[in-house]
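Working from the sequences, and respecting the hints, build out all of it.
Below are the chains, spelled out letter by letter.
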Amino acid sequence: MFARLVMKSIWVRRERFLIAVVAIMLAAAMVTPLLTISFDIREKMGKELRSYGANLIILPEEGGSISKFDASHPSIIGTAPFLYFKANNIEFAGTDMQAARKMNPWWHIEGALPGKEEALPGINAAKKQGLKTGDALDIGDSSFKVSGVLDTGASDDDRIFIDFEEAEAISGKNGATLVQVSVLGDIEAVIKFLESKNYRVKKVRQVAESESALLDKTQLLLSLVALFVLSAAILGLLSTMITGVLERSREIGLMKAIGCGNGRLAAIFLAEAAIIGAAGGILGYFAGLLLSQYIGMEIFRTAVSLKPEVFVLTILVSILVALAGSMLPIRRALSIEPVMTLRGD
Amino acid sequence: MITAKNIIKKYGNTCALKNISFTIEKGEWANIMGPSGSGKTTLLNLVGCLDSPTEGSLVVNGIETAKLNQNERTRFRRENIGLVFQQFHMIPHLTALENVMIAQYFHSIEDEGEAIEALTRVGMEHRLNHLPSQLSGGEQQRVCIARALINQPEIILADEPTGNLDKKNEEAVLDIFRELHSNGKTIVIVTHNPEIGEIGDMIMQISHGEIV
Ligand SMILES: Nc1ncnc2c1ncn2[C@@H]1O[C@H](COP(=O)(O)OP(=O)(O)OP(=O)(O)O)[C@@H](O)[C@H]1O
Ligand SMILES: [Mg+2]
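Chain order of the listed sequences is S and E.
The numbering of the first sequence is my numbering, which starts it at 1 and goes up by one.
The numbering of the second sequence is my numbering, which starts it at 1 and goes up by one.
Please keep in mind that the hints were generated in silico from the structure rather than gathered at the bench.
Beta carbons are placed, not taken as given, at the ideal position from N, Cα and C, and that holds for glycine.
Treat each hint with caution, since some may be false.
Label-pair restraints from in silico Cβ distances [as the list claims (entries may be wrong)]:
1. E:109 / S:299: 50 to 58 angstroms
2. E:168 / S:18: 41 to 49 angstroms
3. E:11 / S:264: 25 to 33 angstroms
4. S:343 / E:183: 29 to 37 angstroms
5. S:293 / E:109: 46 to 54 angstroms
6. E:113 / S:12: 26 to 34 angstroms
7. E:168 / S:343: 22 to 30 angstroms
8. S:1 / E:123: 18 to 26 angstroms
Examples of chain E residues toward chain S, derived with CB under 8 angstroms [stated by the list, open to error]:
9. 45
10. 51
11. 71
12. 78
13. 85
14. 93
15. 94
16. 106
Now the structure itself:
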């Protein structure tokens, strides 16, 4: 009976119900990306920050290349050269696979590291070119076998990785366009040392820190927007529910007259609010997911993954907002005196 | 069963009931009569615990009801009182059957079989799934009576239950009340109708908020 009572009273006032659902949906659509940043993007970036094997990047002079990298400094514990080039409009990266793997411990490889005459496409490149493990890939006269798929969570996902020397041969270039350096010890001393050798040096840390600042700013901005939208949703729900209560005051008075206690009456309204919250939350979650994906790709160059806790929390927040918005209307409903509403024709 | 002592009911400055006292025994059929505006509905609402008296004592079924708060009155009502209103009052988006079952639900637990039986007793078994808007006035009133009786209250209160009905429906409704009376229920009816007045055990004539 309870379910029937709630469902029927929603159905007879479905337009009002829809307005309330949309109000909650807008709020949920803001909450989802906020939570996604906290739970997914931040975690991804945090992982990169924590596990960065490489803490320096060496770049050649404008347009040049680093043909022979002099790494004889006691604090340098590893290096990996990268040669980026384009062929057939596809982006490639040649590297020392073993060294690169060590430098980038957060890389996730589905399959195996490529050996000679093998290629490892990034996840986006693989999708774009329709490549999967075992496929053959031809570049010019050379043929490569796909050994697996690489997920870096960064722009390297758009590249196809091959052996460094093979890359030099295909591209006709000589030397690296970028060298990752892993330092253990006095990083400033290493930077000085490298700069004295006329290398352009960038701290990976700085890159990461600026991304983290961007993350903070985006999160703050989204929090403010979410706060406004949440307040607006509570107010919107409050006004629709209170009109609903006034409209239904005769019905409420009658229910009380025939024995509906305050607990039952509140439960009916709370259930309606919870349904509004859940419906708005689910719709808003999917709208928010699109927004999150956009923010992730455009601002942080990382695809967001589906996190169950984001879904659960979004629904929870939506329901709480709906309940908060219905507190006043429910008090109003409870205060209705049956005699007043039943009087008169 | 119902004992009122020096009841006063004021609405702001207007005094709707002035110092009313009476006793209605268990199983009695009492009729409240009097001109319009004399306080009949006000008195019935007090007995039905829809409202509280401003002053005085009102004991219904052994319980002093004058000082109960709203929620306590609701609880008292659903255990002891069946209400029939002049304007029927049904929940518009629920069917006849659901309008009866909702009273079961508020009281304890709904039982569709019992609800159908109650509607059959008032001759409404062929209209179970009709909405109030699809029922005639007489049919609606019979559903309301079924709803008032469904939880087997000791006391049945009716405010001009036949006021909006034609002769035939009036007879049908009165037959139900006669049967309830013969089953020993206590019945209080507000009416303008002298014919109903003749059926009851006693008549309370009210004028300007006082029993005359
Ligand atoms: N809520 C209220 N506020 C103010 N005055 C009220 C209220 N309810 C009733 N009254 C007044 O109390 C008096 C008695 O009203 P009541 O409805 O009991 O009369 P009644 O005998 O039932 O009349 P009728 O036969 O027309 O139904 C009237 O003067 C009415 O105006
Ligand atoms: Mg009246």
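Checked hints:
1. Remark: the range hint 50 to 58 angstroms for residue 109 of chain E to residue 299 of chain S is upheld by a beta-carbon distance near 56 angstroms.
2. For residue 168 of chain E and residue 18 of chain S, the hinted distance range of 41 to 49 angstroms is satisfied, since their beta carbons lie about 45 angstroms from each other.
3. Between residue 11 of chain E and residue 264 of chain S the CB atoms are about 29 angstroms apart, so this pair conforms to the stated range of 25 to 33 angstroms.
4. For residue 343 of chain S paired with residue 183 of chain E, a C-beta distance near 31 angstroms keeps the hint of 29 to 37 angstroms intact.
5. Take residue 293 of chain S and residue 109 of chain E: their Cβ atoms lie about 49 angstroms apart, and the range 46 to 54 angstroms holds.
6. For the pair residue 113 of chain E and residue 12 of chain S, the supplied restraint of 26 to 34 angstroms holds, since their beta-carbon distance comes to about 27 angstroms.
7. For residue 168 of chain E and residue 343 of chain S, the hinted distance range of 22 to 30 angstroms is satisfied, since their beta carbons lie about 28 angstroms from each other.
8. Checking the proposed 18 to 26 angstroms range against residue 1 of chain S and residue 123 of chain E shows it holds: the Cβ atoms sit about 24 angstroms from each other.
9. The beta carbon of residue 45 of chain E is positioned within 8 angstroms of a beta carbon in chain S (closest approach about 5 angstroms), and the interface hint is therefore held.
10. At a threshold of 8 angstroms, the smallest CB-CB gap from residue 51 of chain E to chain S is about 5 angstroms, leaving the interface hint in force.
11. Nearest Cβ of chain S to the Cβ of residue 71 of chain E: about 5 angstroms, under the 8 angstroms cut. The hint holds.
12. Residue-level restraint check for residue 78 of chain E holds (minimum Cβ-Cβ distance to chain S is 3 angstroms; threshold 8 angstroms).
13. Contact between residue 85 of chain E and chain S, as hinted, is supported at the beta carbon level, the nearest pair being about 6 angstroms apart and thus within 8 angstroms.
14. Annotation: residue 93 of chain E was flagged as interfacial toward chain S, and the flag holds, the nearest CB pair being 4 angstroms apart, inside 8 angstroms.
15. Residue-level restraint check for residue 94 of chain E holds (minimum Cβ-Cβ distance to chain S is 6 angstroms; threshold 8 angstroms).
16. With a cut of 8 angstroms, the hint placing residue 106 of chain E at the interface with chain S holds, because the nearest CB-to-CB distance is about 4 angstroms.
In the structure shown, no violation is registered for any of the earlier numbered hints.
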